[in-house]
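Engineer: Here the protein sequences line up with chains E and B, keeping their order. Counting from 1, position 234 in the first sequence corresponds to residue 233 in numbering that gives the first Met the number 0; the numbering is continuous, with no gaps. Counting from 1, position 233 in the second sequence corresponds to residue 232 in numbering that gives the first Met the number 0; the numbering is continuous, with no gaps.
If you are wondering where the hints come from, they were derived from the structure by calculation, not from laboratory data. Worth double-checking, as some hints may not be accurate.
The list treats identical chains as one, so a pair stands whether inside a single copy or across any two.
Unchecked claim - Pairs of lysine-lysine residues, derived as BS3-like cross-links and limited to a Cα-Cα distance of at most 30 Å, are as follows:
id : residue 1 : residue 2
1  : LYS142    : LYS225
2  : LYS155    : LYS195
3  : LYS136    : LYS79
4  : LYS194    : LYS210
5  : LYS155    : LYS142
6  : LYS233    : LYS136
7  : LYS91     : LYS110
8  : LYS91     : LYS225
9  : LYS233    : LYS142
10 : LYS233    : LYS91
11 : LYS91     : LYS142
12 : LYS155    : LYS132
13 : LYS193    : LYS155
14 : LYS155    : LYS233
15 : LYS110    : LYS210
16 : LYS195    : LYS233
17 : LYS210    : LYS169
18 : LYS155    : LYS194
19 : LYS155    : LYS91
There are 2 protein chains.
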Amino acid sequence: MFVSFKIYYLYHVKRTQNIEVAVDAIVFGYSKEEGVSILLIKRKYDPFKGSWAIPGGFVLDHESLEEAVERELQEETGVKISYLEQLYTFGKPDRDPRTRILSIAYFGLVKSNQFEKLKATTDAEDAAWFNFKRLPKLAFDHKMILNVAIERLRGKIIYQPIGFELLDKKFPFSDLEHLYSTLLDRPIDRRNFKKKVMSFGILDELDEKAKSNGAGRPGNLFQFNKTTYNRLLKNGMHFEI
Amino acid sequence: MFVSFKIYYLYHVKRTQNIEVAVDAIVFGYSKEEGVSILLIKRKYDPFKGSWAIPGGFVLDHESLEEAVERELQEETGVKISYLEQLYTFGKPDRDPRTRILSIAYFGLVKSNQFEKLKATTDAEDAAWFNFKRLPKLAFDHKMILNVAIERLRGKIIYQPIGFELLDKKFPFSDLEHLYSTLLDRPIDRRNFKKKVMSFGILDELDEKAKSNGAGRPGNLFQFNKTTYNRLLKNGMHFEI
DNA sequence: CCTATTTGTGTATTTTTAACACAAAGGTAA
DNA sequence: TTACCTTTGTGTTAAAAATACACAAATAGG
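The task is simple: from the sequences and hints, build the whole structure.
Structural biologist: Right, dumping it as structure tokens:
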């Protein structure tokens, strides 16, 4: 009788709910050759063993959601991100076949240099980048989550200068142009685009020339100036491509 | 021994986490007299007993997050919303003094006619509207949550026609103008504003005149045409004030 | 019927966006 | 070393959109 009460207490009073809390991280990377890509892991365990999935995992009791994201990403892929923001919380009761799992999805960007570095570790058989237009079949409701993430990235680069988080610290202007063109899926007029971007005054043009990558006239390298950006932002500047 | 195992199983295997899941609803209402207002409840129990707070509560195992929001709103305030979208998930480990509570905040709008109707029920001693610029002291981290919600509403009415969800089905044009002016906190040129809004073709001008509210020339009533809006949206129309 | 209040309406100016083409720099291969 | 290929850099003009601005007409109330 006492035992039953104890179990009842733990199960129904202290824990009235049966919902587990997880985070997922949709991480975008970019290179001129590979285009915009998303980081996925191959699931090592059931359900969906062997399927590709968005990296993520359960939140520990003491850590913040952002800490959970960075820990899981480190464990599963070894990747360090340069930009992170919350995307959306997916909470349908039956989105996981085992038990109810609530997932707070985050949306991350990695710099071009991190793009190649990938380390497969314990939790995942494999981790790899997939071009965002050629994604494999995905576990759970991850396909839908990715669509939300892609829409968010697409919408966001228009009115916030987060595209720079996908490039190296120093980059040729054409990389930025190519990134926007790929993501927005439309051609971009080089002159008009440059005119507009430079008009914000948040890009420093360096004296260094970009490396020669085969053929073509080498261009100057540029660098995003976050300090200037923040200052201008305070003064009411409005970034919009 | 068997008993310990059972408890261990329930507590540590089936339930490795100690996080409770709640939803909160930031509900906006509007009337020309009262301006943009937010629906709050007075807490009946500790912690923060007697403080004003955002309505919300724990998610039941079987219900979706949206269902939880609507149920809690019904229980606590009796208000029915006309627009609901997810706002943000607040997950800091210590945001509630009792135990870790994750809150998925939603953002809702009610039509002007619902604005007055308020019913205080069991869970809250009281429920009331507060002008969004004159908010009382709030429980938990609710102040911060409200700020996020206000920013979201402000940002959103610019590029999505959700302002109509705050008005009656039929409204005089000046109501819309006043709503935008209040929310964006800047004067609006009546002629330019009307020119732009009407250019989208999503407002039907009715033959009825608005009631006389004291003095002034009565104007026509207008009505948001959602069907037309959805059709135009598909054809690539871009709403932006 | 006079006054106060609110609605309705058009044009001119400025600003922003969009369209558009050719010369210069370097790499590579003949 | 030269000819060719690829890529970068640059300015003007036309069209579209945003902004600034003022007065007459309709009603309510005194």
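Engineer: Each hint needs a verdict: does it hold in this structure or not?
Structural biologist: Each hint, compared with the structure:
Proximity of LYS142 and LYS225 under a CA criterion of 30 Å is satisfied inter-copy only: 29 Å between copies versus 33 Å inside one chain copy. In this assembly of identical chains, the alpha carbons of LYS155 and LYS195 lie at most 30 Å apart whether taken from the same copy (17 Å) or from different copies (24 Å). Proximity of LYS136 to LYS79 under the C-alpha cut-off of 30 Å is restricted to the intra-copy arrangement: shortest distance 25 Å within a copy versus 39 Å between copies. Within a single copy, LYS194 and LYS210 get their C-alpha atoms as close as 24 Å, which meets the 30 Å cut-off; across copies the closest is 52 Å, which misses it.
With identical chains, the CA atoms of LYS155 and LYS142 are at most 30 Å apart both within one copy (20 Å) and between copies (26 Å). Taking the shortest Cα distances, LYS233 and LYS136 sit within 30 Å of each other only across copies (27 Å), while inside one copy they are farther apart (44 Å). In this assembly of identical chains, LYS91 and LYS110 lie within 30 Å of each other by CA distance solely across copies; the values are 27 Å between and 33 Å within a copy. Taking the shortest alpha-carbon separations for LYS91 and LYS225, only the inter-copy value of 27 Å comes in at or below 30 Å, while the best intra-copy value is 39 Å.
Within a single copy, LYS233 and LYS142 get their C-alpha atoms only as close as 38 Å, which misses the 30 Å cut-off; across copies the closest is 22 Å, which meets it. Taking the closest pair of Cα atoms, LYS233 and LYS91 come within 30 Å of each other only across two copies (27 Å); inside a single copy the shortest separation is 39 Å, beyond that limit. With identical chains, the CA atoms of LYS91 and LYS142 are at most 30 Å apart both within one copy (15 Å) and between copies (28 Å). Both within a single protomer and between protomers do LYS155 and LYS132 lie at most 30 Å apart by alpha-carbon distance, with minima of 18 Å and 28 Å respectively.
In this assembly of identical chains, LYS193 and LYS155 lie within 30 Å of each other by CA distance both inside one copy and across copies; the values are 19 Å within and 28 Å between. Both within a single protomer and between protomers do LYS155 and LYS233 lie at most 30 Å apart by alpha-carbon distance, with minima of 19 Å and 21 Å respectively. When the C-alpha separation of LYS110 and LYS210 is checked against a cutoff of 30 Å, the pair qualifies only within one copy, where the shortest distance is 18 Å, while the shortest distance between copies is 60 Å. With identical chains, the CA atoms of LYS195 and LYS233 are at most 30 Å apart both within one copy (20 Å) and between copies (29 Å).
Taking the shortest alpha-carbon separations for LYS210 and LYS169, only the intra-copy value of 11 Å comes in at or below 30 Å, while the best inter-copy value is 63 Å. With identical chains, the CA atoms of LYS155 and LYS194 are at most 30 Å apart both within one copy (20 Å) and between copies (28 Å). In this assembly of identical chains, the alpha carbons of LYS155 and LYS91 lie at most 30 Å apart whether taken from the same copy (26 Å) or from different copies (25 Å).
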